[in-house]
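Q: This is what each chain is made of:
4 protein chains.
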Amino acid sequence: MKLTKEQQEEIKLQQSQENFTKRVTVKDLENLLYEAIPVLDHGFIRVIDYMGDDTSIVQAARVSYGKGTKKVSTDSGLIKYLMRHWHSTPFEMCEIKYHIKLPIFIARQWIRHRTANVNEYSARYSILDKEFYLPSEANLAAQSVNNRQGRGEVLSGDQAQKVLKLLKDDAERTYDNYESMLNQRYDGSTIDNNKPGLARELARMNLTLNTYTQWYWKTDLLNLMNFLRLRVDHHAQYEIRSYAEIMLDTLKKWVPITYDAFIDYRVGGTEVSAKGKSVINNIIKGKDINMEDSGLSKREWNELMSAFDLTEKIIE
Amino acid sequence: MKLTKEQQEEIKLQQSQENFTKRVTVKDLENLLYEAIPVLDHGFIRVIDYMGDDTSIVQAARVSYGKGTKKVSTDSGLIKYLMRHWHSTPFEMCEIKYHIKLPIFIARQWIRHRTANVNEYSARYSILDKEFYLPSEANLAAQSVNNRQGRGEVLSGDQAQKVLKLLKDDAERTYDNYESMLNQRYDGSTIDNNKPGLARELARMNLTLNTYTQWYWKTDLLNLMNFLRLRVDHHAQYEIRSYAEIMLDTLKKWVPITYDAFIDYRVGGTEVSAKGKSVINNIIKGKDINMEDSGLSKREWNELMSAFDLTEKIIE
Amino acid sequence: MKLTKEQQEEIKLQQSQENFTKRVTVKDLENLLYEAIPVLDHGFIRVIDYMGDDTSIVQAARVSYGKGTKKVSTDSGLIKYLMRHWHSTPFEMCEIKYHIKLPIFIARQWIRHRTANVNEYSARYSILDKEFYLPSEANLAAQSVNNRQGRGEVLSGDQAQKVLKLLKDDAERTYDNYESMLNQRYDGSTIDNNKPGLARELARMNLTLNTYTQWYWKTDLLNLMNFLRLRVDHHAQYEIRSYAEIMLDTLKKWVPITYDAFIDYRVGGTEVSAKGKSVINNIIKGKDINMEDSGLSKREWNELMSAFDLTEKIIE
Amino acid sequence: MKLTKEQQEEIKLQQSQENFTKRVTVKDLENLLYEAIPVLDHGFIRVIDYMGDDTSIVQAARVSYGKGTKKVSTDSGLIKYLMRHWHSTPFEMCEIKYHIKLPIFIARQWIRHRTANVNEYSARYSILDKEFYLPSEANLAAQSVNNRQGRGEVLSGDQAQKVLKLLKDDAERTYDNYESMLNQRYDGSTIDNNKPGLARELARMNLTLNTYTQWYWKTDLLNLMNFLRLRVDHHAQYEIRSYAEIMLDTLKKWVPITYDAFIDYRVGGTEVSAKGKSVINNIIKGKDINMEDSGLSKREWNELMSAFDLTEKIIE
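Protein chains in written order, with my numbering: chain R, 2 to 317; chain H, 2 to 317; chain V, 2 to 317; chain W, 2 to 317.
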């Protein structure tokens, strides 16, 4: 990640602010505010603003449940209770805003989380930077056989180099032709004063999907956790997971109690179907179990065994 | 509005906070933070938290439109442009949270604005306070003849007194019976130790719709303005308008530039249909106009004339 | 439930329609269309319209996953897979619309499900019917000691009668006074021609929360299941559960394959936290377990044991 | 637009359905159902399903406003009233589902309309077709000077040909390299059995933004109109406008009364700010007006004059 001088100065200026406020503040997150945390080769995540902290969740829950919540004596106990029982609205009382730079093909996955506010850099109005994502060699992997969407067998040195070269060359060539069609360079300067340029809204269609874009992305804590639960999962594509992992760290700094409950109940937890419960129950009671009688498919069976870390030995 | 000693102390405590932050702050809104602003006879509105200010809208818009927005030289010019052209997403970058006490029949109107986060005091878990809304005499008015939902002819002194007495007596009696069914008083104390009480979730059904409830209500600036546009309008019911007007004032303190644009384009503006435009155009050109040829209904015709402040004289 | 003659005729008329369509249709749901299914003492649920069936989910999923989904050979297998992995968007491709009559205090819970389209009968414009909910004697129960929101100890005969009488008398008196303030009867006829009436938008505040209202409620299949999962649960209030159970039956008729998966994974399933998984794993491995070392609270511990139907014996 | 034989047969099969239903049906839309209407060079729009018609809006409104709506004697009058006063919920009672094939850079604009249900073809799971959008020569235009996002001066013959060639060559080359990296052709066949391929989720990043994708897109009538109002506007990009115009035609076939009101109040209507109203009022009263005193910016002034079709002559 390389920031322009202009960007570096803006960040410094933002970080030098020192305002008084009667609102709740979170010191660990304040320390991180505006900082550009690198992701992938040219991307970044910046926390731009936030509203509320762990106590805001408790405050809202106590309004809902009134004197009834006094029985749960600690904030931590209450937050765990809310998380466990999927109470959603108190977590919506906190809000966070990020500034994110990311490749377009990742932005297209991301935007499917609808409950968020977004302002994206528009290539209808402005010229996109000449920056595109190239995976590291370690991440270039062949699509695995069992999982059509994952990566298994890593591409060998020569083949990896060939792929990287193709990606790089195509991105550069299409970008150069983008400038040429615009008759403008990335900095807005005209190439040939005697020629008209193509409209930006059209020229952009020549760019490849690994071109970087950027946006402001604002969401509440509940929907942030919904996003993270899906995107830190090992089924998520490596590139979006890279962003999610950094955001998970900002979650920890922002609302540490909620973070703990989130890890215990969501990230580390599992769901068990009615049929799955019956299998587990039979194992405990020492009954014979087998996939055929369980009503589970092979895939479900494997997921269940894996969730409870059951090796063949134990279940036989 | 009467706050309990406990509430007064909590507000004082919240207002005594003095935290440092690198986030943007708004001094005029900080001064108002946590304060309970009275509405109706027992209601209040408190601003509990906020995120962003006028510059946050500009910041987000400039990311969207990039170098393109530099042509609009001032923040104020840009915000007016965004408002005029119904650009929505930059206004979603600001967020505000209120604590509101309001009668249940108003809460039922309010909740129909779905794009907001809400935690309401729950009468399943807790006992509602013995507080109910009674209109002032000036506001007790007969339903007008032309507008089924409005109020026209004011009820006369005796009749008004009779209505107020009915409302008061019924609210008190149903509340007393609520306590009696619960076998508990409003403060949670048991009435008769030898009797079981009815579940709170059931007993509450005996309360009248003017009983006060309270909630935390959080929304973004765009949806706040959508709410205010509908609810400060003179067609809105007086009681919800009373809340909206106070919120309009918090809007002014929070984002003064946006407020000005909102008043000019939304609150003070009007919409004109294709047919309406044709009528206005004919008036200007000095052509004869009349309702029959215009294609407008009587109601539309009147709305158009009233929007442009056209008396009979001018249009004849 | 008593339908007016007018309502009965309207239903008969709607049911007599016989239109051709190229859209997918569901015979079992068609048979039920427009029928008023009774709920509680005066409420009802009617299915008014629907879009799509089980195959619509499969159709949408196959567009998303393209040739990749061909590996899941059956519709049923694919729907189960989607349900298990919380794939949400294919289930949003089906839509259903209900007409529902329900007490106001239940409507207030219901409306908190925001992702739905609603048109409610408005007491600003029209006079509400003289119908209010009175629980059956069997359902009048004292609030249980362990669960502030539930009902445990059933009120005894005399006390139950007393409560029912209070509820009935208060509802009737407040309704009579509502008419008196309006100076109109429920059918719109004027009571005293020489007196003005109070505006409907104000008079309604005198009604109790068990007064019946009605609405059209339309949602997609995903959000319907989110609603049902919470509302058929035994923690849900009996009154809303009564509605949810009937809607669950319409779900079964509409999308039988989805219904089966929903029952297995959602209604009958459970979630287990990271700590809970460790406890289960230890039980299976024959290790000693106890609450203190597990990191689970008493409540969590009990919930876990109950989810897997583990009696004391087994775990000791 | 070229459909595969498989697609043509599927459409024929869908159109041959003839089911009975008690639901409301719309003959003009039934006739169009499943048909692939061509858009741009390879895109299409298909209406896949719908719920409700004009009478469904009226039905829902009459539940809301009860006996109050009887005063508006006709369905058409009521729908016009609802549209004029921005009543939103009755229009949400109708739903429509489209199958759409469109270039990725247009899909990225489109998806910003969040209140819709979407299932998009996933390039994580499947190989995208070798189809990309190339503008017609007439649409290749230089970005205009006054409007950074529009197109003004049309590119001349030679320059247009050069641009088209660049677009075509780059799209083809990047697609060929996409196949090469995958080690698979568009039909899933392996190129070289002795080489591993790159994961699909990675290879897709080499495609250009004019590659076609497809999705199922479902929304309610209110949000469809919100989409159309913005996207049939002449400020909208030509490519998305091409889709919107065809959808506008499906709107007309589906809900003709609503369509008329939509054209009159939204598409053909205009908004006037408080300051703008004052200018119009002064013109009518024969007062002198000028931009400086009006408080309007040059742009606003021009927009106002243009909205009311006022030439210089009239206003001088």
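A hint or two may mislead.
Given that identical chains are not distinguished, each listed pair holds provided it fits within a single copy or across any two copies.
[What the hints assert, rightly or not] Quick list of in silico lysine-lysine cross-link-like pairs, DSBU-like style, CA-CA up to 35 Å:
#1 LYS299 <-> LYS196
#2 LYS13 <-> LYS196
#3 LYS276 <-> LYS166
#4 LYS28 <-> LYS299
#5 LYS23 <-> LYS166
#6 LYS276 <-> LYS6
#7 LYS3 <-> LYS276
#8 LYS253 <-> LYS3
#9 LYS286 <-> LYS13
#10 LYS299 <-> LYS254
#11 LYS253 <-> LYS13
#12 LYS13 <-> LYS163
#13 LYS28 <-> LYS276
#14 LYS278 <-> LYS166
#15 LYS253 <-> LYS286
#16 LYS276 <-> LYS196
#17 LYS6 <-> LYS131
Note that these hints are calculated values from the structure, not bench results.
Q: Each hint needs a verdict: does it hold in this structure or not?
A: Hint check results:
Taking the shortest Cα distances, LYS299 and LYS196 sit within 35 Å of each other only across copies (30 Å), while inside one copy they are farther apart (64 Å). Taking the shortest alpha-carbon separations for LYS13 and LYS196, neither the intra-copy value of 41 Å nor the inter-copy value of 50 Å comes in at or below 35 Å. Taking CA atoms no more than 35 Å apart as the test, LYS276 paired with LYS166 passes in neither setting, with 50 Å inside one copy and 47 Å between copies. Taking CA atoms no more than 35 Å apart as the test, LYS28 paired with LYS299 passes between copies only; the shortest distance there is 33 Å, against 49 Å inside one copy.
Proximity of LYS23 to LYS166 under the C-alpha cut-off of 35 Å is found in neither arrangement, the shortest distances being 54 Å within a copy and 43 Å between copies. In this assembly of identical chains, LYS276 and LYS6 lie within 35 Å of each other by CA distance neither inside one copy nor across copies; the values are 59 Å within and 43 Å between. For a Cα distance limit of 35 Å, the shortest separation of LYS3 from LYS276 qualifies neither inside one copy, at 52 Å, nor across copies, at 42 Å. Proximity of LYS253 to LYS3 under the C-alpha cut-off of 35 Å is restricted to the intra-copy arrangement: shortest distance 26 Å within a copy versus 40 Å between copies.
Taking identical chains as interchangeable, the C-alpha atoms of LYS286 and LYS13 are never at most 35 Å apart, the minima being 63 Å within one chain and 56 Å between chains. Proximity of LYS299 to LYS254 under the C-alpha cut-off of 35 Å is restricted to the inter-copy arrangement: shortest distance 29 Å between copies versus 40 Å within a copy. Proximity of LYS253 and LYS13 under a CA criterion of 35 Å is satisfied in both settings, with 24 Å inside one chain copy and 30 Å between copies. Within a single copy, LYS13 and LYS163 get their C-alpha atoms no closer than 40 Å, and across copies no closer than 45 Å, so neither meets the 35 Å cut-off.
Taking CA atoms no more than 35 Å apart as the test, LYS28 paired with LYS276 passes between copies only; the shortest distance there is 30 Å, against 47 Å inside one copy. Proximity of LYS278 and LYS166 under a CA criterion of 35 Å is satisfied in neither setting, with 51 Å inside one chain copy and 46 Å between copies. Taking the shortest alpha-carbon separations for LYS253 and LYS286, only the inter-copy value of 33 Å comes in at or below 35 Å, while the best intra-copy value is 40 Å. For the homomeric pair LYS276 and LYS196, neither the shortest alpha-carbon distance inside one copy (70 Å) nor that between copies (42 Å) is at most 35 Å.
For the homomeric pair LYS6 and LYS131, the shortest alpha-carbon distance inside one copy (16 Å) is at most 35 Å, but the shortest distance between copies (41 Å) is not.
In the structure shown, a violation is registered for the earlier hints numbered 2, 3, 5, 6, 7, 9, 12, 14, 16, in ascending order.
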